[in-house]
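So the sequences go chain by chain: Y and C.
Residue numbering for the first sequence follows this note's numbering, starting at 1 and increasing by one per position.
Residue numbering for the second sequence follows this note's numbering, starting at 1 and increasing by one per position.
Hints are supplied without guarantee of correctness; some may be wrong.
Claimed, not checked - If you want a taste of the chain C side facing chain Y, the calculated C-beta under 7 Å gives, among others:
1. V238
2. R258
3. L260
Source of the hints: derived by calculation from the structure; they are not laboratory data.
No residue lacks a Cβ here, since even glycine has one placed at the ideal position from N, Cα and C.
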Amino acid sequence: MSLILRNPHSVEAALRTRPADVFEVRLAPGAPSPRWAVVAELAHQHEIPVRTSLAAPDRRPSNQGKSERVGAASATVQERNDLLVDELFTPEMTETPGLWLALEQLQDPHNVGAIFRTSSFFGVKGIVLTRERSAPLSATVYDVASGGLEYVPFAIVPSLSRTILLAREVGISILGTSEHAERGVESVPLDRSHLLIFGNEEQGLRRVTQENCDELCRLIPHGPIQSLNVSVAAGVLMSKLTARS
Amino acid sequence: MVDSSRRRSSRRDVLTNHNRCWIWGRNVVLETLRAGRWPIIELLIGDRADDVLWDEAVRLAKQHGIGAIAMDDATLTKACHSGEHQGMAARMAPFPYATVEQLLGGLPADAMLVVLDRLQDPFNFGAIVRSASTLGLNGIVIGQKEQVEVNSLVARSSAGAVNHIAIASTDDLVQTVDTLRERGYQIVAASEKADSPLYETDFRQPTVAIIGNEGRGIRPELLARCDRSLSIPMSGAVGSLNAAVAAGILFYEMRRQRGLKVEG
Numbered sequence: 001m002s003l004i005l006r007n008p009h010s011v012e013a014a015l016r017t018r019p020a021d022v023f024e025v026r027l028a029p030g031a032p033s034p035r036w037a038v039v040a041e042l043a044h045q046h047e048i049p050v051r052t053s054l055a056a057p058d059r060r061p062s063n064q065g066k067s068e069r070v071g072a073a074s075a076t077v078q079e080r081n082d083l084l085v086d087e088l089f090t091p092e093m094t095e096t097p098g099l100w101l102a103l104e105q106l107q108d109p110h111n112v113g114a115i116f117r118t119s120s121f122f123g124v125k126g127i128v129l130t131r132e133r134s135a136p137l138s139a140t141v142y143d144v145a146s147g148g149l150e151y152v153p154f155a156i157v158p159s160l161s162r163t164i165l166l167a168r169e170v171g172i173s174i175l176g177t178s179e180h181a182e183r184g185v186e187s188v189p190l191d192r193s194h195l196l197i198f199g200n201e202e203q204g205l206r207r208v209t210q211e212n213c214d215e216l217c218r219l220i221p222h223g224p225i226q227s228l229n230v231s232v233a234a235g236v237l238m239s240k241l242t243a244r245s
Numbered sequence: 001m002v003d004s005s006r007r008r009s010s011r012r013d014v015l016t017n018h019n020r021c022w023i024w025g026r027n028v029v030l031e032t033l034r035a036g037r038w039p040i041i042e043l044l045i046g047d048r049a050d051d052v053l054w055d056e057a058v059r060l061a062k063q064h065g066i067g068a069i070a071m072d073d074a075t076l077t078k079a080c081h082s083g084e085h086q087g088m089a090a091r092m093a094p095f096p097y098a099t100v101e102q103l104l105g106g107l108p109a110d111a112m113l114v115v116l117d118r119l120q121d122p123f124n125f126g127a128i129v130r131s132a133s134t135l136g137l138n139g140i141v142i143g144q145k146e147q148v149e150v151n152s153l154v155a156r157s158s159a160g161a162v163n164h165i166a167i168a169s170t171d172d173l174v175q176t177v178d179t180l181r182e183r184g185y186q187i188v189a190a191s192e193k194a195d196s197p198l199y200e201t202d203f204r205q206p207t208v209a210i211i212g213n214e215g216r217g218i219r220p221e222l223l224a225r226c227d228r229s230l231s232i233p234m235s236g237a238v239g240s241l242n243a244a245v246a247a248g249i250l251f252y253e254m255r256r257q258r259g260l261k262v263e264g
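Produce the entire structure from the sequences given, and follow the hints as far as they go.
Right, here's the structure in full:
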């Protein structure tokens, strides 16, 4: 399936990693912004059609303030292929310690996109997403990820049970996140690989998944049960768990 | 032509306009009722709200003198323009911003503040309010130009935290930062052009963190007033952080250096 992307950063990342999957770039009339100019230049190099729409952008008051990108430039890009979950835990992938993520029934595309973006920044080795009751990898997710979806390999699975088994077999410790956990992330050892699992925004991890974890942790030990947005919490945890010296 | 100023004079002021003055969702509405800080004009309760929450909402509304109207879910959806109301919506008066003087008046000696410079995405603003509140920062200062205000989307993505942390609004952020400097605050910037690693910065002194616009960053006049620009160590090959995530990592470090215990 192809997607209409509107963030120049997500289009640029696709052009740099898999130009054959970018079908067309459409620019708004007038001089493109510096970011879109880079996109257009890359598209030219790869002989991808770049069109400029002749219609004036929609300036009706009803569209003001909704998004500065509405009616502006866009690109048609093929979805990126997911991997098999086994391919995320091959000997080459697990040779050096690292961090993997699993997202169980995350429903907000902004959260999923932001987690991909942060994962790219912190060099997460792979992300496993559940298929049911989860935000699909839509154009919104690609655009919020701002290129992150192109750099982090991912797999989509029916449930996390097999992922947990596979990860454990290759010596990765299974770390669930829960607001009810007693352990703070500061005391999690950094000398090994972790699979860090996040649950649904409202309900958290499913019970069966919690029971399958080696350990549960949270950001603030013994604090009141109140929480950060899951993509922010994921960002802080990633910054902590990738801080190897 | 109808004289709009006269026509409106008989009504109470609402948040932004008639269509966008609603907040919705069980948690956000209840948190706002419980906190009693942001004035509610009327409360709508739908069939879907469960009995215990219904009773609490009605009791709180009575206590604050707010009219509560029961209706079916479809009517509620129409009224608040969202199907995600979970049986509760409220029509809101303008958000009660503090002034900078009010905010500074009530601060402890080692306060931690955040200044937002022209943040535009309501999801980022809401998530930052939520992180600042959860991690025990003492207040938020925003400017009035090019800055998204506290609106329905911000209230929602803050999970109701807009009720729990002081938010001040000012027409001159630069002056505000000068005032804070004079009072002995360390001013730090979360910026892509950074010179100091985050984890080598001492946050135990009174600190103001500045978070800039999603695309353009912090404006030069403010950046020039910062004691240091902080970098978050990157371990991947490519990418950048979203403003709300970068803010969360920064706030967490500020909190961690003062001990992770947060008063709830």
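Hint check results:
| no. | hint | result |
| --- | --- | --- |
| 1 | V238 | 6 Å, holds |
| 2 | R258 | 12 Å, violated |
| 3 | L260 | 5 Å, holds |
Checked against the numbered hints given earlier, the structure breaks only hint 2 and satisfies all the rest.
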